[in-house]
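**Student:** Construct the entire structure; sequences and hints are all you get.
Each protein sequence line maps, in turn, to chains R and P.
Quick note: the first sequence, position 116, residue 116 per the working numbering, numbers continuous.
Quick note: the second sequence, position 393, residue 1393 per the working numbering, numbers continuous.
Everything labelled a hint here was simulated from the structure, so no lab data went into it.
Take these hints with a grain of salt, some might be off.
[Said to hold, decoys possible] Here chain R is said to cover these stretches of chain P; the calculated rule only asks that three of the stretch's residues, wherever they fall, bring their Cβ under 8 Å from a Cβ of chain R: (1) 1016-1025; (2) 1042-1055; (3) 1197-1203; (4) 1304-1310.
[Stated by the list, open to error] Simulated restraints on C-beta separations: (5) P:T1088 / R:A263: 42 to 52 Å; (6) R:V9 / P:G1220: 27 to 37 Å; (7) R:E292 / P:E1089: 35 to 45 Å; (8) P:G1220 / R:R239: 50 to 60 Å; (9) P:A1389 / R:E117: 51 to 61 Å.
[Unchecked claim] Chain R is nowhere near these chain P residues, computed Cβ spacing over 12 Å in every case: (10) L1348; (11) L1394; (12) I1397.
Remember, it's a predicted structure, so these values are computed and weren't measured experimentally.
Backbone N, C-alpha and C define an ideal beta-carbon position, used for all residues, glycine too.
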Amino acid sequence: MTRITDLPVEEQVLPGNRACAGCGLGIGLRAILKALEGRAVMTVPASCLTVLGGMYPVTSVQMPWVNCAFPSTAAVAAGISAGLRATGRSEELTVLAMAGDGGTADIGIQALSGAAERNDDLIYLCYDNEAYMNTGTQRSGSTPAGARTTTTWRGKRENPKDVPRIMEAHRVPYVAVTSAAFPTDVYDKVAKARQMRGLRYLHMHTPCPSGWGFDPALSVRLGKMAVECGLAILYEVERGAFRLTGRSAALAKAGRPLEPVDACLDAQSRFKGLDAEARAAIQAWVDERWVEALERHERGR
Amino acid sequence: MTVRIITGNEAAAWGARLARVQVVAAYPITPQSPVVETLSAWVESGEMPAELIAVESEHSAMSVCIGAATAGARAFTATSSNGLAYMTEQIWWAAGARLPLVMCVANRSLAAPWNVLNDQQDSMSVRDAGWVQLYCRDNQEVLDTVVQGYRIAERLNVPVMVCYDGFLLSHTAMPVEVPDAAAVDAFLPPRPQPLQIVDPADPRNIGPVVMADPRRDADGVLRGAYLELRAAHHEALLEALEAVPEVGEAWARATGRPGCGLVAEHRLDDAEIALVAAGSLVTQSTLVADLLREEGLPVGVLGIRCCRPFPAAAVRERLRGVRAALVLDKALSYGYAGPIATDLRAALYGTPDAPAVYGAVCGLGGRDVTPEALAEAARAALADARAGAVERPLAWIGRMAREEAR
Chain R
1 MTRITDLPVE
11 EQVLPGNRAC
21 AGCGLGIGLR
31 AILKALEGRA
41 VMTVPASCLT
51 VLGGMYPVTS
61 VQMPWVNCAF
71 PSTAAVAAGI
81 SAGLRATGRS
91 EELTVLAMAG
101 DGGTADIGIQ
111 ALSGAAERND
121 DLIYLCYDNE
131 AYMNTGTQRS
141 GSTPAGARTT
151 TTWRGKRENP
161 KDVPRIMEAH
171 RVPYVAVTSA
181 AFPTDVYDKV
191 AKARQMRGLR
201 YLHMHTPCPS
211 GWGFDPALSV
221 RLGKMAVECG
231 LAILYEVERG
241 AFRLTGRSAA
251 LAKAGRPLEP
261 VDACLDAQSR
271 FKGLDAEARA
281 AIQAWVDERW
291 VEALERHERG
301 R
Chain P
1001 MTVRIITGNE
1011 AAAWGARLAR
1021 VQVVAAYPIT
1031 PQSPVVETLS
1041 AWVESGEMPA
1051 ELIAVESEHS
1061 AMSVCIGAAT
1071 AGARAFTATS
1081 SNGLAYMTEQ
1091 IWWAAGARLP
1101 LVMCVANRSL
1111 AAPWNVLNDQ
1121 QDSMSVRDAG
1131 WVQLYCRDNQ
1141 EVLDTVVQGY
1151 RIAERLNVPV
1161 MVCYDGFLLS
1171 HTAMPVEVPD
1181 AAAVDAFLPP
1191 RPQPLQIVDP
1201 ADPRNIGPVV
1211 MADPRRDADG
1221 VLRGAYLELR
1231 AAHHEALLEA
1241 LEAVPEVGEA
1251 WARATGRPGC
1261 GLVAEHRLDD
1271 AEIALVAAGS
1281 LVTQSTLVAD
1291 LLREEGLPVG
1301 VLGIRCCRPF
1311 PAAAVRERLR
1321 GVRAALVLDK
1331 ALSYGYAGPI
1341 ATDLRAALYG
1351 TPDAPAVYGA
1361 VCGLGGRDVT
1371 PEALAEAARA
1381 ALADARAGAV
1391 ERPLAWIGRM
1401 AREEAR
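**Tutor:** In structure tokens form, the structure reads like this:
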């Protein structure tokens, strides 16, 4: 595993960009682009990342960047990939599609599923801040149960859609879950994906101070707490082989029960007022997924 | 040059092949499907060296074209009807991003209710999106217009929609001169550099958020905002009024076939009434005009090949001296009038001695437009024109009078 001091010094994301204070995406993006060493073209739909990228005629990201319509990310990326192949530049440039959780789990899933079925040559990275944060914190298919959003005022009733598992069902060469709170984990997974061909799917858990309701100084801590309690699980599935990675692998190896979800939930105002029943349901959902991950880690599949 | 007996869809596929299209996005919809079926067969057999992506929807078909064209490739797709409606978001995107795509539309009615047959409601419904829209009279024009479309698109950095009537042309075989590859290569060189290049050495944010007011760039230059970009797009489309005929003439020089321009005319010089139409109705109207001429009726035809940009100056000039124009629209802006009739009225407004413009709707959902019905409509229009009628209610050609029980 790469150490933080080993990451390339050069930054493709300029300081002073338009991301909110404490934005987890800003942290993760730096690691992603370092791993691509500037030899990539991004495509980005309407999302927080569009805002981070800046407004014409200036931009904060020093990489070719193609904006696209909300549902079209994976298809535009497939088109860029085909266009680069047709013009003899596919070896030189990696195509990185990068969308939020709404743009991936909801409106973008048709195009993503199509690209995955065709195994188009691109990296698709979903940064999952667990709601439509750019438009003012409306619930998405990736919002966890219990979370209050501007369209679930009393807390969302449904558990989130498991997009990495949906992508696994397409049997693409690489599926990984990472967290912006662990930049070296992000870096390593993007660096590995970059060496592969076909559709590579990465899912980055991304703390959001304004949408989750916590002090912007605590983004990394919140992201780490989510992994400690199993709300987010770091793993990768490489050509069908499953393994826990990073902190989640260490937690599995330690063999102790995970932290209860309570501290992580209590640190976010979006979970304020959860009753005991809802809290227990979230814990049961987390336990079920963690047991399943441990079993898969053991089995290697 | 080889003469082949081919359908409009095959002519479209030949146009894409001769244009050396590099990326094809393929998704089926009746009556366009044979275009992408033919291209798939050629790509699989190696006859056509292109990347073909069999997408999962029309929205993604246009998205793939947008991505491929942004990366610098020559991209193509084809659609019809609800497929065009489904990709409408991306129709606007491709135009606003100033991408030189060519897309064929085998014209078909829009649901509901379901109907797979011809009218022009689909492409007419996106005429404001900022594409050049060209309508073809016959299969020869389909092939010619696809190839010419790339030269127009790549000169102006605007996309070009090549429209031809579903079934009437898409599935009807007729002789088509297929030019030699060398002649087409001389006419259409490889795609020039895109307006904005994807290059890590000079990274650009392509199609970003643009605010309402001009802002300064990193060098302190005040750059235009959304309104200025849209104005530039409009001006580029207006340039097509020159580019379309010029490219038609260059095609005539390259292939030895008469070129096509903004409009087509037939026996207008001494006409009292002009039939105005787009697509295969132009061919049909020409035959009807000849029949009526035999009866001694002074009827001519004005075919609108280029609907966007609308050739206002050309139609004003061609209709000078005509008493009335009978516009045969295969589409309708529900609650108002047919789209070509509306545009023609606007183009003629304020012109001294402008002809009256009579609107007629025909052929919706594949309703047969018979020569007899067209002739009857023309006779009635001529009578009204001679009686001095300036306005008439919308006429429905071929509409049954009322439903009757057996």
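**Student:** Hint by hint, say whether it matches the structure.
**Tutor:** Checked hints:
1. Only residues whose C-beta sits within less than 8 Å of a C-beta in chain R count toward coverage, and the stretch 1016-1025 of chain P has 3 of them, enough to reach three; the restraint holds.
2. Given a C-beta distance limit of less than 8 Å, the hint that chain R covers the stretch 1042-1055 of chain P holds, as 5 residues qualify and 3 suffice.
3. Using a Cβ-Cβ cut-off of 8 Å, 4 residues of the stretch 1197-1203 of chain P lie near chain R, which meets the minimum of three, so the contact claim holds.
4. With 0 residues carrying a beta carbon less than 8 Å from a beta carbon of chain R, the stretch 1304-1310 of chain P misses the three-residue requirement, and the given coverage is violated.
5. In this structure, T1088 of chain P and A263 of chain R meet the distance hint of 42 to 52 Å, their C-beta atoms being roughly 48 Å apart.
6. Checked against the hint of 27 to 37 Å, the pair V9 of chain R and G1220 of chain P passes, with Cβ atoms roughly 29 Å apart.
7. Restraint check, E292 of chain R to E1089 of chain P: a C-beta distance of roughly 38 Å satisfies the suggested window 35 to 45 Å.
8. As the Cβ distance of G1220 of chain P to R239 of chain R is approximately 51 Å, the hint placing it in 50 to 60 Å holds.
9. The hinted window of 51 to 61 Å between A1389 of chain P and E117 of chain R holds, with their beta carbons roughly 60 Å apart.
10. Distance check for L1348 of chain P against chain R: the nearest CB is about 38 Å away, which clears 12 Å, and the non-interface claim stands.
11. Separation of L1394 of chain P from chain R is adequate, the least Cβ-Cβ distance of about 36 Å exceeding the 12 Å criterion.
12. Separation of I1397 of chain P from chain R is adequate, the least Cβ-Cβ distance of about 39 Å exceeding the 12 Å criterion.
The structure fails to meet hint 4 from the earlier list, while all remaining hints are met.
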